[in-house]
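As they're listed, the protein sequences go chains A and B.
Each number in our numbering comes from the position in the first sequence (counting from 1) with 855 added on.
Each number in our numbering comes from the position in the second sequence (counting from 1) with 49 added on.
A few of these clues could be false.
With a cut-off of at most 20 Å between alpha-carbon atoms, the simulated DMTMM-like pairs for lysine to aspartate or glutamate come out as follows [as the list claims (entries may be wrong)]: (1) K857(A) to E115(B); (2) K410(B) to E382(B); (3) K151(B) to E115(B); (4) K863(A) to D364(B); (5) K857(A) to D241(B); (6) K906(A) to E939(A).
Think of the hints as simulated: they come from the structure by calculation, not from any bench.
Since the structure is predicted, the reported quantities are computational estimates derived from the model, not experimental observations.
Residue strings, one per chain:
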Amino acid sequence: MKFPYSEKVLEHFRNPRNVGSIENPDGKSTEGSPACGDMVSVYIKVDEDTKKIKDIKFESYGCASNIATGSIITELAKGKTLEEAKNISWKQASDALGGLPKIKTHCSVLAVDGLRAAIANYEEKHGLIKEKIPTTKEIVLKRLKHVMNPLAGLDLVRTNLITGVKVENGTAEVTVNLPEEHQFANNIREEIVEKLESLWDIDEVIVNFSV
Amino acid sequence: MDKKTIYFDNAASSRMDERVLEAMKPYFFDVYAVATSEFGYSLGIEAREALDLARAKILSALGNPEGKLIFTSGSTESSNIAIKGVVRNLSGKKGKHIIVSKIEDFPVLNSAKSLERNGIKVTYLDVDKYGLVDLNQLKDSISKETILVSIQHANQEIGTIQDIKTIGEICDRNNVIFHSDATHSFMRIPFDLSKLSVDLLTVSAHTFHGPKGIGALFVREGVPVAKWIDGGFQEFDLRAGVENIPGAVGFAKAVELVTKEENETLRNLRDYLVEKIQNEIPYTTPNGHPEKRIPHNANITFHYVEGESITLHLDMKGFAVSTGSACFSKSLEASHVILGIGGDHERAHGSVRFTFGRFNKKEDVDKMVEALKEIVRQLRVISPLKGEKVR
């Protein structure tokens, strides 16, 4: 039989490692969204003294390359320090899997983003952000690039759905160019809040729908 | 290829019947002349006769409507000739507006989009939750500018059958040409073109165990289709190129081999599969119309999981199916059909299409559902979507 994936990808797809969730994780993240296709959640437990990843688990709603990358990334990250784990690249994950089809980059890069976001979530919660850069409009927009526009399957920023961002006195206010009663409005609101509320100097996230 | 592959993707392609190959063989090795050499030598006459006979047999299966049947390289070409041929002929004279449904297959949809880029106005008709075109919207959309309506007979993904009788009557009353893509209905459901106001009809051999690379376009008498492929005078001077005589003969043979009983068998297999899945696998949604559907198609969404993962797992166990997931398509776009019937991306991503053919058996359905149960269960275990109830 012939498959469009390497043996290693198929092996991880068949028997994904470290699958599931962790109760009371030290850090967690969800990248992607059900509305736009692939989605990955990453959960980590961190040793407070060594700052090493003690345990890591992932969940995937996605295609074979998404599942396989999620699996390999947990293998690569387990036992590493947060600093080391942060630097695991998509290329490393892809190489460890014996290569991925080019068209599947989007699905597989989510797992790498997921790991980095889970680490960032840990650092934010534990006050470990060394350089406390004040949140700006640019930082907010960068984060919103990880929120999908389910109508287009691309992110909110690239599809021009974000018409306003204001950051002031610990409040981030985002305006989305969609009607409040739109079928995806609630999903989008939740995702925006989730992406922004962990920023160290943000206490409140307000999402407005402008149409 | 592994001999053991159990193929439930007969809408995409189908295993050719040996009897079709036997019928075609003489036209590769003995009567290999082209029909246009009939005035040159006798082999050409035999070729011409074979081509005419094939044409007559297919026209007969269509109910012997008044008009011509042009052989093409397949459905894609047929629909391109129909849509672009009519527009090319009439857009300077009558108007610049055409109407298609939102859930057409790509030959029709992308022909329309291509024309749209060149200044033709296109209306994309909505469909209801079962995939049926809104006939009132159709009536309201037709204007003096409208030259063509193209609405499929049966849908490629969800199998819903449109009311082409009424659509044809609406077009007829308004003096608009009506094209229908019948790739997925021809030979699988009975219809009589001599009693329908369909001006152009697309058919293909590959969906019912005929050869690939041969299709046909029916053109009703007097319908102005501009010649699309230039060259010689073949096919009533409507489609140039060396005639694919083995293909045409194989097409006609494939038509002869389909029986009413076979279609009943396929319907039973399909119903058996759907019932079994609904009884044995939780959180599924059937897609398409419950009754108005072709007999050999089932389309089911398995919630909380992604379709390409299902198809790959099934493939590793020897079963071939397809999915409307974005991950499955080269364009990375989710099925426009599932989105068209009001489904969200999650419903499209988890949708799996099963299409039956002559070589499928009931035991194969049993085996596949067994495999599917375990695959879906496992994928739900690792899915972050399922919520507490499925865990």
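Here is what the structure says about each hint:
1. K857(A) to E115(B): It is violated: about 48 Å lies between the C-alpha atoms, which goes past 20 Å.
2. K410(B) to E382(B): 33 Å, violated
3. K151(B) to E115(B): 30 Å, violated
4. K863(A) to D364(B): 17 Å, holds
5. K857(A) to D241(B): Cα-Cα ~43 Å, so violated.
6. K906(A) to E939(A): Satisfied, since the Cα-Cα distance of roughly 10 Å is no more than 20 Å.
Consistency with the previously given hints fails for numbers 1, 2, 3 and 5, ordered from lowest to highest.
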